[in-house]
Amino acid sequence: MLLSAISLVLLGATAALAAPRDIQGRGCGSNPPVGKVAKAEAQFSQQLQAQGTTLSKAINVYWHVIQKDETEEGGHVTADQVTEQIDVLNQGYTAGGISFKLAGTDYTTNEEWFNGLGPDDYNDDVKNALRKGGKGDLNVYSTGFVEGSGAGLLGYSTFPSDYSSNPKDDGVVFLYSSIPGGSTTNYNLGYTLTHEVGHWVGLYHTFQGGCSGSGDQVSDTPAEASPASGCPTNRDTCKNSAGKDPIHNYMDYSYDSCMTEFTKGQFTRALAQIKTYRGLA
Numbered sequence: 001m002l003l004s005a006i007s008l009v010l011l012g013a014t015a016a017l018a019a020p021r022d023i024q025g026r027g028c029g030s031n032p033p034v035g036k037v038a039k040a041e042a043q044f045s046q047q048l049q050a051q052g053t054t055l056s057k058a059i060n061v062y063w064h065v066i067q068k069d070e071t072e073e074g075g076h077v078t079a080d081q082v083t084e085q086i087d088v089l090n091q092g093y094t095a096g097g098i099s100f101k102l103a104g105t106d107y108t109t110n111e112e113w114f115n116g117l118g119p120d121d122y123n124d125d126v127k128n129a130l131r132k133g134g135k136g137d138l139n140v141y142s143t144g145f146v147e148g149s150g151a152g153l154l155g156y157s158t159f160p161s162d163y164s165s166n167p168k169d170d171g172v173v174f175l176y177s178s179i180p181g182g183s184t185t186n187y188n189l190g191y192t193l194t195h196e197v198g199h200w201v202g203l204y205h206t207f208q209g210g211c212s213g214s215g216d217q218v219s220d221t222p223a224e225a226s227p228a229s230g231c232p233t234n235r236d237t238c239k240n241s242a243g244k245d246p247i248h249n250y251m252d253y254s255y256d257s258c259m260t261e262f263t264k265g266q267f268t269r270a271l272a273q274i275k276t277y278r279g280l281a
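Numbering of the sequence shown is given in full-length UniProt numbering, commencing with residue 1 and proceeding in unit increments.
What the hints contain is simulated information worked out from the structure, not anything from laboratory work. Just so we're clear, the structure is a prediction, and the values are computed from it rather than from any experiment. Don't take each hint at face value.
No more than 25 angstroms apart at the CA atoms, straight line, and that leaves these computed lysine to any residue pairs for SDA-like [unchecked claim]:
(1) Lys-101 x Gly-133
(2) Lys-57 x Asn-31
(3) Lys-132 x His-76
(4) Lys-132 x Lys-275
(5) Lys-57 x Lys-239
(6) Lys-135 x Gly-181
(7) Lys-101 x Val-82
(8) Lys-275 x His-76
(9) Lys-264 x Thr-53
(10) Lys-275 x Ala-103
(11) Lys-239 x Ser-214
(12) Lys-135 x Lys-239
Could you build all of it, start to finish, from the sequences and the hints given here?
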């Protein structure tokens, strides 16, 4: 059963940020190898806590703006834009009993970090300096992804099971111009953060594992051989499996304008992951 999670009409009027920026496909740096997934899932099945249907309180969000300067093209994100992005995030998750509230915003002006932050560059420096809260608090870092290991990415995230081995690394890093009204063509409705937070609550890409095996570990997302791009209606890359490709799912790689939903199974898994690894009930 698919749950429509958000209207495709952007709520509120936000000015476009700087000149349009073209990204060749939804680059996400959260692609765990098969072996790591198998190990994580085996541990998850042993530690699984009672799932429930909702969280009793909203998840705190600490937003760290990494900017080159205080201009829009330099990565500056205003308080109103932060609020609008959190609203979009909530619209995607509230149907599954998950909500978020802004706990704080801080600004760091550092051109090296803005340009070079990525999975293998400055990641430890940034997070060691800025991360706040505990395992149940979401830290998000908006940045430029201009060069290095972050170049071409829209974002990357840790998974709940990663926290115990490296607490400081926990969080989401994403492209500042993917926020609602941003300048990144095809990816500026705010769903990049929705996608990356999906990883933070324990969801894999819908194409994880391709057409074989247990895929993304969710039974109601149809199998998918490879990531979608654009909005390819009637795409079916796993013809021997039930259902067409879940191109409208937030955990695929479609354009923002094509994304509309999480499934009931994804919400069930997310709640179980949050309660098992993040200590929230």
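Comparing the hints with the structure gives:
1. Of the supplied pair hints, the one linking Lys-101 and Gly-133 holds, its CA atoms being roughly 14 angstroms apart against a limit of 25 angstroms.
2. Between Lys-57 and Asn-31 the alpha-carbon distance is near 29 angstroms, which puts this suggested pair outside the 25 angstroms criterion.
3. A threshold of 25 angstroms between alpha carbons decides the hint, and for Lys-132 with His-76 the separation of about 20 angstroms falls inside it, so the pair holds.
4. At roughly 20 angstroms between alpha-carbon atoms, Lys-132 and Lys-275 fall within 25 angstroms of each other, so this suggested pair holds.
5. With a C-alpha separation of about 41 angstroms, the suggested pair Lys-57 and Lys-239 falls outside the 25 angstroms cut-off, and the hint is violated.
6. With a C-alpha separation of about 31 angstroms, the suggested pairing of Lys-135 with Gly-181 is violated against the 25 angstroms cut-off.
7. Proximity of Lys-101 to Val-82 is assessed by CA-CA distance (about 11 angstroms); at most 25 angstroms being required, the pair is judged to hold.
8. Our distance criterion of 25 angstroms between C-alpha atoms is broken by Lys-275 and His-76, whose separation comes to about 34 angstroms.
9. Simply put, Lys-264 and Thr-53 have alpha-carbon atoms about 10 angstroms apart, close enough for the 25 angstroms limit, and the pair holds.
10. In summary, the hint linking Lys-275 to Ala-103 is supported, as the alpha carbons are separated by about 20 angstroms, within the 25 angstroms threshold.
11. The suggested pairing of Lys-239 with Ser-214 holds, with an alpha-carbon distance near 16 angstroms, which does not exceed 25 angstroms.
12. A threshold of 25 angstroms between alpha carbons decides the hint, and for Lys-135 with Lys-239 the separation of about 40 angstroms lies outside it, so the pair is violated.
Figure legend: structure checked against the earlier numbered hints; hints not met, in rising order: 2, 5, 6, 8, 12.
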